[in-house]
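Student: One-letter residues, chain by chain:
Number of protein chains: 2
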Amino acid sequence: MSKEIVDILLTNGYLVTMNSQMALYPNGSVAIKDNVIVAVGATADLEATYEANTVIDCQNCIISPGLINAHTHAAMNLLRGLADDLRLDVWLYGYMMPVEREFVDHGFCYTGSLLACAEMIRSGVTTFCDMYYNEAEVARATVKAGMRGVLGQTILIFPSPDATSYDESLEYCRNFIKEWHHHPLIIPAVAPHAPYTSTPDMLEACVALATEFDVPLHTHIAETALEQENSTAQHGTTVVPWLEKNNLFKAKVIAAHCVHLEESEMRTMQLANAGVAHCPSSNLKLASGVAPIQKMIDLGLHVGIGTDGAASNNDLDMFEETRLAAFLQKGIFHDPTMLPAKKAWAAATIEGARALHIDQLTGSLEVGKRADIAIITANHTHQWPHFTRDAEGVYARLVYATKATDVRDVLVDGKLLMRNRKLLTLDEPRLLKDAEKISKRIDAFLTAREGNILSKLLAITADFVPQETFEIQAKVELPQTTSLATIVANLGLEMFRASIRDQYDTYFIFADKEAGRLRYREDEIKNEHGELKETFYTMTLMGPAVEKDFANSIVLTRARYMASARHSLRFYREYFHPKTVQEIIKHRQRCHVRYHDTEFSLNLDQIADKTYLEIKSRTWSAKDATHKAELIGELLKGIGK
Amino acid sequence: MSKEIVDILLTNGYLVTMNSQMALYPNGSVAIKDNVIVAVGATADLEATYEANTVIDCQNCIISPGLINAHTHAAMNLLRGLADDLRLDVWLYGYMMPVEREFVDHGFCYTGSLLACAEMIRSGVTTFCDMYYNEAEVARATVKAGMRGVLGQTILIFPSPDATSYDESLEYCRNFIKEWHHHPLIIPAVAPHAPYTSTPDMLEACVALATEFDVPLHTHIAETALEQENSTAQHGTTVVPWLEKNNLFKAKVIAAHCVHLEESEMRTMQLANAGVAHCPSSNLKLASGVAPIQKMIDLGLHVGIGTDGAASNNDLDMFEETRLAAFLQKGIFHDPTMLPAKKAWAAATIEGARALHIDQLTGSLEVGKRADIAIITANHTHQWPHFTRDAEGVYARLVYATKATDVRDVLVDGKLLMRNRKLLTLDEPRLLKDAEKISKRIDAFLTAREGNILSKLLAITADFVPQETFEIQAKVELPQTTSLATIVANLGLEMFRASIRDQYDTYFIFADKEAGRLRYREDEIKNEHGELKETFYTMTLMGPAVEKDFANSIVLTRARYMASARHSLRFYREYFHPKTVQEIIKHRQRCHVRYHDTEFSLNLDQIADKTYLEIKSRTWSAKDATHKAELIGELLKGIGK
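Chains as they are written, first to last, in my numbering: chain A, 1 to 641; chain B, 1 to 641.
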């Protein structure tokens with residue numbers, strides 16, 4: 001009897017099917033024709049039935065469904081190691097956003113995604129779920145690499161690297177879906193970035209687009225505790241009920257992170273068949289916390305595992321993530337029986353496919369599904385020895401003792417992408433060179449920026465161009481009993497625009513004196529009764545030194561930047577890394593006076609137990625400065641100094 | 001001018017010295033003569049000064065101090081994957097201890113340690129700190145592999161695989177220290193297992209031995225919250241003060257785990273210069289928790305990182321541990337700036353050396369220290385691209401993006417142990433075969449044991465050989481109003497040994513009916529006022545079926561095992577994995593009677609709203625059983641049944 005001809009026969013492997021019975025074949029085989037699995041079973045049976053053009057002997061290997069990376073931003077591989085160990089806001093507003101604004105274009109997205117695909121194939125990933133910009137470029141890269149991708153075009157209410165408004169992104173996304181949604185490897189998706197970067201209108205349009213084409217909707221949900229707090233403050237409810245009210249769950253949702261969900265939110269998502277993408281490394285590294293995924297699984301949610309982007313991980317190693325996922329449930333929720341290896345491997349494969357709404361295509365080794373397969377060497381020293389008493393020990397071997405680099409061969413859609421650890425679809429050395437070209441430009445940009453406090457300031461206030469300001473000023477100590485009203489009266493002048501305030505100044509002082517000093521100021525303006533009227537925050541970059549000395553402690557100073565401070569003092573301190581920090585608290589009485597037609601501001605400052613008077617005026621030329629210095633000299637004489 | 005001749009010159013690497021200035025040389029070099037580093041610096045400088053017999057080009061590599069695995073049980077590599085996802089007691093008493101009791105001998109310790117050394121060298125570890133049995137065998141393996149080892153002979157109050165008492169272990173340890181303490185690679189140590197397996201006498205002897213030879217003392221401290229609770233209950237204080245009272249910290253202590261230390265305990269340890277070995281994977285996997293090591297570091301403690309044994313990890317991958325250590329501090333203590341990459345790499349190298357009290361020898365690349373070095377490829381796809389803006393980015397590359405398999409070459413004590421990922425001191429294929437021989441025996445032992453409920457029971461009660469017991473018994477339903485006193489009086493008998501108790505029975509029922517049923521019984525014995533007098537727990541393995549039926553529901557039953565239950569119901573449930581569990585609660589009035597010179601026990605049981613009478617007697621022969629069945633028949637008649 002003649003045998004049926006197939007394209008590829010994998011033989012003699014320890015076959016882990018991840019099918020509904022979780023069937024295992026200690027000596028198993030898979031037959032592949034075109035892009036589909038046509039048979040799964042014992043090697044002897046399949047060898048008796050099939051003849052293949054290519055036979056791959058998998059002795060000493062595990063044959064498993066390829067891993068599914070349920071959440072990443074592939075192109076961000078180009079930002080790996082750019083900035084680490086920073087608080088989320090410093091990382092995001094200080095580094096990621098300025099660099100993305102400057103560098104994220106078609107080439108960046110294509111090359112970055114190729115780099116990510118190379119890394120993922122090497123670690124046994126066959127499908128990934130992406131969210132980024134210029135997603136058509138990500139699709140081109142994914143197809144070039146031969147991987148399967150659920151690719152979400154980012155939509156958010158702020159201008160982004162690929163759109164000035166969300167209408168533009170939606171339009172791009174519509175075209176992207178139309179172009180790609182029949183491709184055998186690509187599942188396009190709509191990716192509203194997060195609840196806190198959405199409006200109800202925007203969400204409505206995203207859901208409409210996703211349902212029109214029946215594509216998934218990929219978003220971030222409840223990544224941080226702050227997100228939940230803000231949602232509650234703003235909408236009177238946590239994130240999921242707000243999203244449900246805005247009909248988000250009418251789409252096939254893929255929700256990344258879900259670190260801070262209440263049980264009721266999990267139930268809402270379960271009823272809506274929303275998938276969860278758990279990203280343990282990223283959630284730890286950015287200090288977001290640990291998602292209670294065992295609980296989600298117990299409630300019936302489909303939970304996959306994702307690496308998140310390489311900028312916050314810093315790799316796309318699903319073996320690491322899967323092991324970490326298992327470890328964290330046990331260690332953080334105090335029960336070593338939680339997320340056992342078998343369930344963890346399911347999360348990395350079939351449950352990931354379910355979370356991405358593509359389990360009809362992939363996630364397990366079953367007849368009729370696409371041939372997305374990882375062949376993983378299992379007899380390396382670090383995996384040795386093996387115990388056969390419990391057949392399911394193979395899951396512990398995979399999750400707890402196997403490394404990404406143990407993956408030997410990878411097939412996606414019936415096509416070999418890696419064989420004996422050599423990539424077959426990508427020119428890796430050239431890819432690294434292409435990536436380096438971009439990274440070198442980023443490096444140069446940041447090096448220039450970091451070398452200079454002003455440019456570092458500008459990087460986080462992109463819409464603001466500051467001007468230098470010069471002031472001529474004098475500062476003298478006065479007896480403590482002095483009042484500003486008396487001083488002005490004694491000078492025979494009239495005060496106007498008088499105010500009282502407490503000022504909390506923090507000076508950042510840098511090793512390089514020439515760099516200047518940064519001042520973060522909190523101004524608490526009081527009313528006449530001493531009650532707080534308003535608070536405002538300013539950031540000032542002060543010149544490194546006095547520009548010119550006049551007589552009587554009168555000096556010309558320069559401020560190179562002054563603007564309201566949008567971030568917290570902590571943000572600026574961590575972003576600028578000053579060598580030392582100095583704090584000064586003053587109680588300030590302030591007024592303006594006119595003297596010989598020139599306006600001066602007078603500040604009477606109480607600092608600790610001393611009293612100082614400052615007389616100041618803005619200036620714009622050397623001649624004007626000299627003239628004003630003379631006038632200040634006269635005023636000083638008038639008060640006896 | 002002629003150059004100085006050295007043995008080995010490492011050139012052109014990114015040199016990470018981990019010296020006190022944390023000096024970095026982007027193109028750096030190390031010169032090695034004999035077993036010592038003779039120069040560290042820029043490649044151009046060293047090439048101008050030295051000529052070497054062996055020059056190793058480290059282009060595209062990082063040259064770092066070798067990693068220091070601060071806590072492991074090397075030989076337990078032979079138990080990797082034996083039992084996973086279990087609670088600590090099930091894992092320990094159900095699997096580890098029975099297997100260790102049976103298999104841990106000289107050959108096990110030698111081969112297991114060699115296997116561990118092979119894995120550790122492959123992942124860049126140059127020094128490890130061990131605690132196990134037959135430690136001289138571990139030393140032989142360590143020297144064979146060429147690694148550096150701080151090797152602690154275990155001492156504990158229970159019989160162990162290598163000693164029947166702690167006196168024996170102490171004697172072994174003394175000889176072990178004498179034999180090895182001048183060896184260039186071995187630092188012998190005294191290893192009292194843990195506070196809860198020590199007595200003050202034993203600790204005193206351990207400290208005396210460690211101080212006599214000035215060797216470290218390696219122990220487990222505060223691994224679990226339970227350990228702290230028990231210590232407080234038993235000694236009125238947490239673990240560290242109790243150990244301090246017993247003078248433990250007079251020795252050079254290396255304390256593994258330290259998950260549940262109070263701040264005062266950290267301060268005590270810091271003052272005593274005790275080192276800490278943080279084992280994040282093991283602490284998560286066994287659900288112990290996360291040690292607050294950033295806090296310990298802030299208090300001045302030296303914290304190294306350890307893998308723990310492969311039975312609870314399941315690998316010895318220090319890259320994984322180091323990354324995890326950094327991630328956990330951030331994620332669990334809510335601050336992404338905690339344990340930044342530079343500090344994490346320090347913990348894996350120089351701080352590890354300090355924790356082990358051997359920083360005069362190793363842990364950094366400095367002139368005069370031993371040449372213990374890892375050369376790590378840094379331009380793989382998963383490590384790409386590189387940014388040079390911040391020279392310290394190299395630490396993030398090492399900690400967050402580099403894998404154990406990126407280690408290219410390893411030197412210990414000036415000798416190459418791995419070159420281009422090939423082990424030079426060990427015959428790896430043969431080693432795997434040797435390990436397999438042992439693992440197959442363990443596998444067969446456990447397979448046999450697991451196939452049989454009785455042998456599985458015996459494995460956890462090694463000091464007890466049960467006997468089969470046969471009982472002849474009848475059980476009849478009676479009206480609810482019946483009292484035992486009335487029944488006995490009506491029969492014209494006298495009751496003795498009467499008691500009242502509540503019984504909570506849990507039956508484990510297995511898929512295989514022939515396996516029998518297990519009963520876990522909690523007996524609450526009441527006094528005449530119905531107050532709780534005492535509670536006891538028994539575990540009974542009941543025969544699969546009734547052995548013989550007599551008339552009138554009189555049956556002969558067989559119990560194959562009955563003993564007091566030392567573990568919790570939860571333990572047994574998780575250890576035996578029954579298919580179903582059935583719970584029965586009864587209120588039992590019990591007494592004994594003598595009828596025709598034969599003793600019977602009578603149980604009047606209230607179960608839910610029904611009342612049953614049991615009449616029972618032990619039996620030992622078919623003839624005796626028939627006779628007693630007849631007597632029971634007469635008694636039943638006497639009560640109208």
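Incorrect hints may have been included.
No distinction is drawn between identical chains; accordingly, a pair holds when it is met within one copy or between any pair of copies.
To be verified - The calculated lysine-lysine pairs, modelled on BS3-like cross-linking and capped at a C-alpha distance of 27 Å, are: (1) 440 / 342; (2) 548 / 513; (3) 513 / 637; (4) 295 / 579; (5) 178 / 475; (6) 33 / 437; (7) 641 / 623; (8) 456 / 342; (9) 579 / 342; (10) 295 / 245; (11) 33 / 616.
Since the hints were made in silico from the structure, they are not lab data.
Student: Among the hints numbered above, which are violated by the structure, and what are their numbers in rising order?
Tutor: Going through the list in order, the structure violates hints 3, 5, 6 and 11 and respects the others.
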